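K.L.:
Listed below, chain by chain, are the residues.
Number of protein chains: 2
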Amino acid sequence: MTREELIQQIRTKKTFLCVGLDPDSEKIPKHLLEEEGDPIYEFNKKIIDATAPYCVSFKPNSAFYEAYGLSGVGSLEKTIRYIKTNYPDHLLIADAKRGDIGNTSSMYARAFFKRLNADAITVAPYMGSDSVKPFLQFENKWTIVLGLTSNEGSSDFQQLKIEGKDFYMHVIETCAQWGTENNMMFVVGATKAKLLEDIRKIIPKHFLLIPGIGAQGGSLQDVCKYGLTPDVGLLVNSSRGIIYASTSKNFAEKAAEEAEKIANEMKLYL
Amino acid sequence: MTREELIQQIRTKKTFLCVGLDPDSEKIPKHLLEEEGDPIYEFNKKIIDATAPYCVSFKPNSAFYEAYGLSGVGSLEKTIRYIKTNYPDHLLIADAKRGDIGNTSSMYARAFFKRLNADAITVAPYMGSDSVKPFLQFENKWTIVLGLTSNEGSSDFQQLKIEGKDFYMHVIETCAQWGTENNMMFVVGATKAKLLEDIRKIIPKHFLLIPGIGAQGGSLQDVCKYGLTPDVGLLVNSSRGIIYASTSKNFAEKAAEEAEKIANEMKLYL
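Quick mapping for you: the protein sequence lines, in order, are chains A and B. For the record, in the first sequence the residue sitting at position 205 is 205 according to the numbering used here, with numbers rising by one throughout. For the record, in the second sequence the residue sitting at position 48 is 48 according to the numbering used here, with numbers rising by one throughout.
Worth flagging that the hints you see were computed from the coordinates, not collected in a lab. Being a predicted model, the structure only gives us computed values, none of them experimental. Take these hints with a grain of salt, some might be off.
[To be verified] Here are the computed lysine to aspartate or glutamate pairs in the EDC-like style, where the Cα-Cα straight-line distance is at most 20 Å: (1) K165/A to E163/B; (2) K165/B to E163/A; (3) K254/B to D24/B.
[Stated by the list, open to error] Covered by chain B, per the in silico footprint, the following chain A stretches (three or more residues, Cβ under 8 Å): (4) 30 to 42; (5) 47 to 59; (6) 98 to 105; (7) 147 to 155; (8) 228 to 235; (9) 253 to 264.
All residues carry an ideal CB built from backbone N, CA and C; glycine is no exception.
Put together the whole structure using the sequences plus the hints.
P.N.:
This is the structure in structure tokens:
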């Protein structure tokens, strides 16, 4: 998916919501576990159908599938195929946080972009240029580099000072030179919204993937105040707040309500 | 596997070699691809049987399996089961370089330690404490944190100076406080052997996983000169140099020869 297509989707639907698909068998509705078949896939399909009108992107996190071994990876494949078939205009982000030496990162790029056919993948920058660049070789695919993450541990290393500047600012500045705003995005946690002001000074045009609203406590209003650009430039993710809004039979309906609530708030800022 | 058991294996076999299992269908012997069944698994089994006497550890890199989708992940599962069944005294390292926010890292820990039953996993430290600590909750399992990697891109971020000290030194020092020498190791590339001298000042006892000899050009002699401890404290990995020593029918024999060559050199330094 190109940058233009993504912006067009956001303008048309008036939402920049990304729904995180992180299925956990201890949290998905009990009645799904009792049915035949693949409860994770069944759960995802219903969440996807219900929330699709209110979002422009879906983001399955690979960990939640790998935790169930081969059958979990199968559920991920099926989920991605379902989205690509039924909602081809939604940006499909594989949240995998991969990164390795050059020839190995190429294998990960092949796994996610060719095998799984994801539109985007999240990438960990610690190993530097040859760990990130192989992902940039694929046309109309997106590499989403971890910048400043939403979790508590982000202060351990990302916010260490280097020559008076936070480490994550070096990471963003350096990685931005390897790609363009047409094939690279950055992860910046909603829990650090105020810092978006400085980030926008070095990457005024790049799209940012913003996790951390909902369960993690970030504010959509603050994110928009400091992060919005003339081309929107934001994809704001919510996972648990939407997909576990209810664990009863009406879970999909409740997920749609939560997604719609966020989308309605987004309209105010667009 | 405990630290004592690992040291015992090294002392008994007089080798601290780790064989990297990175199967690439473009490089494995053609005749295997023409047979029925699972060529990656068949390749691995023969490599494992041939090299087991000369090594104390096997390290499949997840990327090389994920690149083949579901069938590749199946090959990884079978490979791990084969090693755990037939070579239970070998440390099984899942080279996966995972790391995510706390609840997601827990899922990865479950995937690799419980589902796959690996003894160890490599972890990327960028996201800080809550991304690393969930892996440390498992008894007799090892968390191997990326310190200074062997690739060219390692200089982009890992060697930035923070208060006069390289960033990777901060990472090692900080992460070392989250675990102990009984459940944590660090990755340090053989291509940076001289730097092991300073690393040993802050972690004199931790085991180090050292990639980068062979195809990547690091020297075993230098690694031992600067990195060996009274308890050995090193696992030196070679992947391509061993497993692709030959692409003919005698590939396993040739792999064994390469592994034996390295093990013989290791004897000199023990």
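K.L.:
For every hint, state whether the structure bears it out.
P.N.:
Going down the list of hints, with the structure as the test:
1. Taken as a hint, the K165/A and E163/B pair is honoured in the structure, with Cα atoms around 12 Å apart against an allowance of 20 Å.
2. Distance check on the hinted pair: K165/B and E163/A sit about 12 Å apart at the alpha-carbon level, within 20 Å; holds.
3. For the hint pairing K254/B with D24/B, the CA-to-CA distance comes to about 17 Å; that is within 20 Å, so the pair holds.
4. Taking a C-beta to C-beta cut-off of 8 Å, the stretch 30 to 42 of chain A contributes 0 residues in contact with chain B, too few for the three needed, and the coverage statement is violated.
5. Against chain B, the stretch 47 to 59 of chain A contributes 0 residues with a C-beta closer than 8 Å to a partner C-beta. That does not satisfy the three-residue criterion, and the hint is violated.
6. Only residues whose C-beta sits within less than 8 Å of a C-beta in chain B count toward coverage, and the stretch 98 to 105 of chain A has 7 of them, enough to reach three; the restraint holds.
7. Restraint check on the stretch 147 to 155 of chain A versus chain B: 7 residues with Cβ-Cβ distances below 8 Å, three needed, restraint holds.
8. With 0 residues having a Cβ less than 8 Å from any Cβ of chain B, the stretch 228 to 235 of chain A misses the three-residue criterion, and the hint is violated.
9. Here's how the stretch 253 to 264 of chain A fares: 0 of its residues keep a CB closer than 8 Å to some CB of chain B, so the rule of at least three is not met and the hint is violated.
Hint violations for this structure: numbers 4, 5, 8, 9, all remaining hints satisfied.
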